[in-house]
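These protein sequence lines map, in sequence, to chains A and B. Quick note: to get this note's numbering, add 182 to the position in the first sequence (first position is 1). Quick note: to get this note's numbering, add 182 to the position in the second sequence (first position is 1).
FYI, nobody ran anything at the bench for these hints, they're computed from the structure. The beta-carbon is built from N, C-alpha and C at its ideal position, and this holds for glycine as well. Please note: incorrect hints may appear among the correct ones.
With a Cα cut of at most 27 Å, we get these calculated BS3-like pairs of lysine-lysine [said to hold, decoys possible]:
#, chain 1, residue 1, chain 2, residue 2
1, B, LYS496, A, LYS518
2, B, LYS525, B, LYS418
3, A, LYS344, B, LYS640
4, B, LYS418, B, LYS518
5, A, LYS442, A, LYS453
6, A, LYS217, A, LYS418
7, A, LYS496, B, LYS217
8, A, LYS518, A, LYS571
9, A, LYS418, B, LYS496
10, A, LYS496, A, LYS418
11, B, LYS453, B, LYS442
12, A, LYS202, A, LYS239
13, B, LYS442, B, LYS640
14, A, LYS496, B, LYS418
15, B, LYS217, B, LYS202
16, B, LYS519, B, LYS418
17, B, LYS518, A, LYS496
18, B, LYS418, A, LYS525
19, B, LYS217, B, LYS344
20, A, LYS195, A, LYS571
21, A, LYS519, B, LYS496
22, A, LYS496, B, LYS525
23, A, LYS418, B, LYS418
24, A, LYS496, B, LYS344
25, B, LYS195, A, LYS418
26, B, LYS496, A, LYS525
27, A, LYS217, B, LYS496
28, A, LYS496, B, LYS202
Covered stretches of chain A (in silico footprint by chain B; criterion: 3 or more residues with CB under 8 Å from a CB of chain B, positions within the stretch not fixed) [said to hold, decoys possible]:
#, segment
29, 456-466
30, 479-491
2 protein chains.
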Amino acid sequence: MHPIRSYVESNKKRFLDELKAFLHIESISTLPEQKQTCAECAEYVRSELARIGFAAKIFPTVGHPIVYAEDLNAGTSAPTTLFYGHYDVQPVDPIALWTTPPFEPSIRNERLYARGAADDKGQVHLHLKGIESLRATRDSMPCNIKILIEGEEEIGSTNLEKFLREHAAMLACDTVLISDTAMLAPGIPTITYGLRGLAYFEITLTSANSDLHSGMFGGAVENPLNALCSIIARLKDEYGRVAVPHFYDDILPLTPEERKQFASLPFSDEKFCASIGIPSTRGEFGYSTLERLWARPTLDVNGIWGGFTGAGAKTVLPAIAHAKISMRLVPNQSSKKIEQLFKEHITNITPPTTHVEIQPFHGGEPALTPMDSPGNKAAQAALRFAYGKEPVFIRDGGSIPIVPLFQNILNAPVVLMGFGLPDENAHAPDENILLENYFLGIESSAYFYEEFVKSLSKTHEAM
Amino acid sequence: MHPIRSYVESNKKRFLDELKAFLHIESISTLPEQKQTCAECAEYVRSELARIGFAAKIFPTVGHPIVYAEDLNAGTSAPTTLFYGHYDVQPVDPIALWTTPPFEPSIRNERLYARGAADDKGQVHLHLKGIESLRATRDSMPCNIKILIEGEEEIGSTNLEKFLREHAAMLACDTVLISDTAMLAPGIPTITYGLRGLAYFEITLTSANSDLHSGMFGGAVENPLNALCSIIARLKDEYGRVAVPHFYDDILPLTPEERKQFASLPFSDEKFCASIGIPSTRGEFGYSTLERLWARPTLDVNGIWGGFTGAGAKTVLPAIAHAKISMRLVPNQSSKKIEQLFKEHITNITPPTTHVEIQPFHGGEPALTPMDSPGNKAAQAALRFAYGKEPVFIRDGGSIPIVPLFQNILNAPVVLMGFGLPDENAHAPDENILLENYFLGIESSAYFYEEFVKSLSKTHEAM
Numbered sequence: 183m184h185p186i187r188s189y190v191e192s193n194k195k196r197f198l199d200e201l202k203a204f205l206h207i208e209s210i211s212t213l214p215e216q217k218q219t220c221a222e223c224a225e226y227v228r229s230e231l232a233r234i235g236f237a238a239k240i241f242p243t244v245g246h247p248i249v250y251a252e253d254l255n256a257g258t259s260a261p262t263t264l265f266y267g268h269y270d271v272q273p274v275d276p277i278a279l280w281t282t283p284p285f286e287p288s289i290r291n292e293r294l295y296a297r298g299a300a301d302d303k304g305q306v307h308l309h310l311k312g313i314e315s316l317r318a319t320r321d322s323m324p325c326n327i328k329i330l331i332e333g334e335e336e337i338g339s340t341n342l343e344k345f346l347r348e349h350a351a352m353l354a355c356d357t358v359l360i361s362d363t364a365m366l367a368p369g370i371p372t373i374t375y376g377l378r379g380l381a382y383f384e385i386t387l388t389s390a391n392s393d394l395h396s397g398m399f400g401g402a403v404e405n406p407l408n409a410l411c412s413i414i415a416r417l418k419d420e421y422g423r424v425a426v427p428h429f430y431d432d433i434l435p436l437t438p439e440e441r442k443q444f445a446s447l448p449f450s451d452e453k454f455c456a457s458i459g460i461p462s463t464r465g466e467f468g469y470s471t472l473e474r475l476w477a478r479p480t481l482d483v484n485g486i487w488g489g490f491t492g493a494g495a496k497t498v499l500p501a502i503a504h505a506k507i508s509m510r511l512v513p514n515q516s517s518k519k520i521e522q523l524f525k526e527h528i529t530n531i532t533p534p535t536t537h538v539e540i541q542p543f544h545g546g547e548p549a550l551t552p553m554d555s556p557g558n559k560a561a562q563a564a565l566r567f568a569y570g571k572e573p574v575f576i577r578d579g580g581s582i583p584i585v586p587l588f589q590n591i592l593n594a595p596v597v598l599m600g601f602g603l604p605d606e607n608a609h610a611p612d613e614n615i616l617l618e619n620y621f622l623g624i625e626s627s628a629y630f631y632e633e634f635v636k637s638l639s640k641t642h643e644a645m
Numbered sequence: 183m184h185p186i187r188s189y190v191e192s193n194k195k196r197f198l199d200e201l202k203a204f205l206h207i208e209s210i211s212t213l214p215e216q217k218q219t220c221a222e223c224a225e226y227v228r229s230e231l232a233r234i235g236f237a238a239k240i241f242p243t244v245g246h247p248i249v250y251a252e253d254l255n256a257g258t259s260a261p262t263t264l265f266y267g268h269y270d271v272q273p274v275d276p277i278a279l280w281t282t283p284p285f286e287p288s289i290r291n292e293r294l295y296a297r298g299a300a301d302d303k304g305q306v307h308l309h310l311k312g313i314e315s316l317r318a319t320r321d322s323m324p325c326n327i328k329i330l331i332e333g334e335e336e337i338g339s340t341n342l343e344k345f346l347r348e349h350a351a352m353l354a355c356d357t358v359l360i361s362d363t364a365m366l367a368p369g370i371p372t373i374t375y376g377l378r379g380l381a382y383f384e385i386t387l388t389s390a391n392s393d394l395h396s397g398m399f400g401g402a403v404e405n406p407l408n409a410l411c412s413i414i415a416r417l418k419d420e421y422g423r424v425a426v427p428h429f430y431d432d433i434l435p436l437t438p439e440e441r442k443q444f445a446s447l448p449f450s451d452e453k454f455c456a457s458i459g460i461p462s463t464r465g466e467f468g469y470s471t472l473e474r475l476w477a478r479p480t481l482d483v484n485g486i487w488g489g490f491t492g493a494g495a496k497t498v499l500p501a502i503a504h505a506k507i508s509m510r511l512v513p514n515q516s517s518k519k520i521e522q523l524f525k526e527h528i529t530n531i532t533p534p535t536t537h538v539e540i541q542p543f544h545g546g547e548p549a550l551t552p553m554d555s556p557g558n559k560a561a562q563a564a565l566r567f568a569y570g571k572e573p574v575f576i577r578d579g580g581s582i583p584i585v586p587l588f589q590n591i592l593n594a595p596v597v598l599m600g601f602g603l604p605d606e607n608a609h610a611p612d613e614n615i616l617l618e619n620y621f622l623g624i625e626s627s628a629y630f631y632e633e634f635v636k637s638l639s640k641t642h643e644a645m
């Protein structure tokens, strides 16, 4: 048995007790009344890192503190990794739907239930225990290790960008490692290597200076609700493609290898449809469901409103119409460029009988780390070793804005090695982590560092 | 001076005092607490009719009472007219915007201000005084006169249809006369000879069994908001025509005479646009603004809603979308047939990835009385004589559901001889009637009956 596995085996009970203590601390970042417990949670992380030999420090922010720790004893010639996680959690409402209290961690069906069990305290903790296991079984660390644990991820990581920019030298690294994603399914170790970005707008279309009587004025006056529908209908073509000119120009197409990899995954259109109650999928012509979800951009109306929306009939010809429209972006689209293209196109297709206003909301960039990056290859080897089976590479249709932030500011590729599950109930009642994934996650974390050094040296040899 | 004019001249002060007394009675039909004053108002009308020699009676309904009166002394060989009006009024909110209290009639700028001054107590009263003037200046009435004044017009004339059907024999007549419309402009005596009808629907489009995350599902799942917009966009073509198959089949086209008549009216597109703050009109290709408003059908979205409509951005892929869509219909369209065509078309163009429900609301039929009907010709002559100038024939883009009701049940053409004005503020604060129109209305009412007999006999001679 590998010394790390045997160390984990002999410390399972203590690890679990420590995880429960960590999860017991109420660290809901959005609640002002938990500001103190959030600070206690940060201090818990700091002291735990100090205990296992790291130089660990609290960095106050105008919000919740950031914990930073490092062990640079591998020396300047050795590679450097930065692990990122967050100790803050989502609110627990609706509290009545929890089987056991969210901050009283409880084990049922081989899972540990608590707020933060998967997102992200459980996944932070398995790394703390992974690093502890690594140190306990070696004389020295294989590489320099930096650790950054923030307390504001659930409220938009408001102070993280400033911190990264101000401390870019301190945080300099060869790869960023994050465990805040989910596995494709139980028993399938998973690396997420791509994320979609987001561009989000609110459109307001106006015509007359007040609502009008549909009998007195109908037929001679532009109705902004009809006009808005026509505009929206023109944003996608009959093949499900976004009809904004130059929208697809910058997209990095899927490689044949990626399409083959997606096609090999255990995914069923039938089950997908059944799970959400739809008769069939619908999307861009020429792409599979997983390709559409993970690697193709979208355009969706997220909200629309205008005119009379109460019960019954009102013969009004409304003067104003609203819609929220967002686009998921894929590597290598830029939310700023898409904003420009979208605004131009909307302006171009807005009828001259109406006035349009386009308000952009905060977007996010897509992200991609090649499957064969040194970090991804290290994660692949570590997961293969821990789980005893070949990991899969997937993408995620959602956006994790901090990922492009790390890539852009630190200029280091990000590895997303997640130990959650699709039914982990993140942000919902009965959040949980499968115990098997917690323990195999500890092993994977410990193996990662050795594998990263190996992977990097192989890459250098190849060059 | 015509004896009627001189009778009106010498009774002006008394007429006005009586009108004020009538308007002073609070008869808001929608308010349960004014049930008693509505009954008093009905009794006021009944006793007034009895006073000028009519057999007048109150018919209770499950709502507010109907007043019916008749003078059939002209005999069975003489023609018969039925005058219809209503004594109930709209609520007075927002009360703060009234310059003087709504039930304290007050004269300013040659107008009488009060709730009901134009809609419709003022216009009922001018007929009571017209008939009184006629009787006072003649030995006998030129025709049989029936009078029906209801108290529920402002709440949908709920009990009128039943009353008309049950008393069709009693109400039998050669024409129905109504004064509940407005003149084109001050100083332009006006006959409204056409009204649009209405078909009104609520559409609900559903896809998945719950709202979804736009990142996790966007790109592979039909978005019912996008789909609804596409459906709505397909309901009109690029020439502003309604794209429901067979929608135009039954329409009675405008005659060259009607188009010439509309074109001769004092109407300015520029002023129309300026009055509602739009840069230009928009409507069906090939028709003028008045033609579009009065004699061409429409399709308008009256309301639309779905998804996230709060402040900011929410990345939701909604499961349900709603719209209220109505069509104004023109003679000879049938709201029932249009309902059938609309439902079929919506069902046909709804994507198979969604489920649609179409809920019809109560519609209304269009109405048309030929400009040269005996009643319209009588109104034309009466107005010409009273005002000393040629009246205009217009249509109205709105719907008055009781008009087709009278036409269908009593099988008698309806004459709409209105004495209101576009700025009469019906249903709004500071409702008013121009005193000149009140007094010339009394004369017109009195002249109408003699002219109707003449007009009918001319028609018979011509045949």
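Evaluated hints:
1. With a CA separation close to 19 Å, the supplied pair LYS496 (chain B) and LYS518 (chain A) stays within the 27 Å bound.
2. The suggested pairing of LYS525 (chain B) with LYS418 (chain B) holds, with an alpha-carbon distance near 15 Å, which does not exceed 27 Å.
3. For a cut-off of 27 Å, the pair hint linking LYS344 (chain A) to LYS640 (chain B) is broken: about 92 Å separates their Cα positions.
4. For the hint linking LYS418 (chain B) to LYS518 (chain B), the alpha-carbon distance of about 20 Å falls within 27 Å, and the restraint holds.
5. For a cut-off of 27 Å, the pair hint linking LYS442 (chain A) to LYS453 (chain A) stands: about 20 Å separates their Cα positions.
6. The suggested pairing of LYS217 (chain A) with LYS418 (chain A) is violated, with an alpha-carbon distance near 46 Å, which exceeds 27 Å.
7. Taking the CA atoms of LYS496 (chain A) and LYS217 (chain B), the gap is near 26 Å; set against the 27 Å cutoff, the hint holds.
8. For the hint pairing LYS518 (chain A) with LYS571 (chain A), the CA-to-CA distance comes to about 41 Å; that exceeds 27 Å, so the pair is violated.
9. For the given pair, LYS418 (chain A) sits about 21 Å from LYS496 (chain B) by alpha-carbon distance, which is consistent with the 27 Å threshold.
10. Pair hint LYS496 (chain A) plus LYS418 (chain A) does not hold up; C-alpha atoms about 31 Å apart against a cutoff of 27 Å.
11. With a C-alpha separation of about 20 Å, the suggested pair LYS453 (chain B) and LYS442 (chain B) falls inside the 27 Å cut-off, and the hint holds.
12. A distance of roughly 23 Å separates the Cα atoms of LYS202 (chain A) and LYS239 (chain A); the hinted pair therefore holds under the 27 Å criterion.
13. Note on LYS442 (chain B) and LYS640 (chain B): the hinted pairing holds, with a Cα-Cα distance of about 25 Å set against a maximum of 27 Å.
14. Of the supplied pair hints, the one linking LYS496 (chain A) and LYS418 (chain B) holds, its CA atoms being roughly 21 Å apart against a limit of 27 Å.
15. Restraint check for LYS217 (chain B) and LYS202 (chain B): satisfied, since their Cα atoms lie roughly 20 Å apart, inside the 27 Å limit.
16. For a cut-off of 27 Å, the pair hint linking LYS519 (chain B) to LYS418 (chain B) stands: about 18 Å separates their Cα positions.
17. Only pairs whose Cα atoms come within 27 Å are accepted, and LYS518 (chain B) paired with LYS496 (chain A) is accepted, the gap being roughly 19 Å.
18. In summary, the hint linking LYS418 (chain B) to LYS525 (chain A) is supported, as the alpha carbons are separated by about 25 Å, within the 27 Å threshold.
19. At most 27 Å may separate the alpha-carbon atoms for a hinted pair to count; LYS217 (chain B) and LYS344 (chain B) meet this at roughly 20 Å.
20. About 26 Å separates the Cα atoms of LYS195 (chain A) and LYS571 (chain A), which keeps this hinted pair within 27 Å; it holds.
21. The suggested pairing of LYS519 (chain A) with LYS496 (chain B) holds, with an alpha-carbon distance near 21 Å, which does not exceed 27 Å.
22. At most 27 Å may separate the alpha-carbon atoms for a hinted pair to count; LYS496 (chain A) and LYS525 (chain B) meet this at roughly 20 Å.
23. A hinted pair counts as satisfied when its Cα atoms are at most 27 Å apart, and LYS418 (chain A) with LYS418 (chain B) qualifies at roughly 18 Å.
24. A C-alpha spacing of about 25 Å is found between LYS496 (chain A) and LYS344 (chain B), which places the hinted pair at or below 27 Å, so the restraint holds.
25. Of the pairs offered as hints, the one joining LYS195 (chain B) and LYS418 (chain A) is violated, with about 69 Å between alpha carbons and a cut-off of 27 Å exceeded.
26. Distance restraint check for LYS496 (chain B) and LYS525 (chain A): the Cα-Cα separation of roughly 20 Å lies within the 27 Å cut-off, and the hinted pair is therefore satisfied.
27. Simply put, LYS217 (chain A) and LYS496 (chain B) have alpha-carbon atoms about 26 Å apart, close enough for the 27 Å limit, and the pair holds.
28. At roughly 33 Å between alpha-carbon atoms, LYS496 (chain A) and LYS202 (chain B) are farther apart than 27 Å, so this suggested pair is violated.
29. Figure legend: the segment 456-466 of chain A, annotated as covered by chain B; annotation consistent (9 residues with Cβ-Cβ distances under 8 Å, at least 3 required).
30. Note: the segment 479-491 of chain A has 13 residues with beta-carbon separation from chain B under 8 Å; the three-residue rule is met and the coverage holds.
The structure fails to meet hints 3, 6, 8, 10, 25, 28 from the earlier list, while all remaining hints are met.
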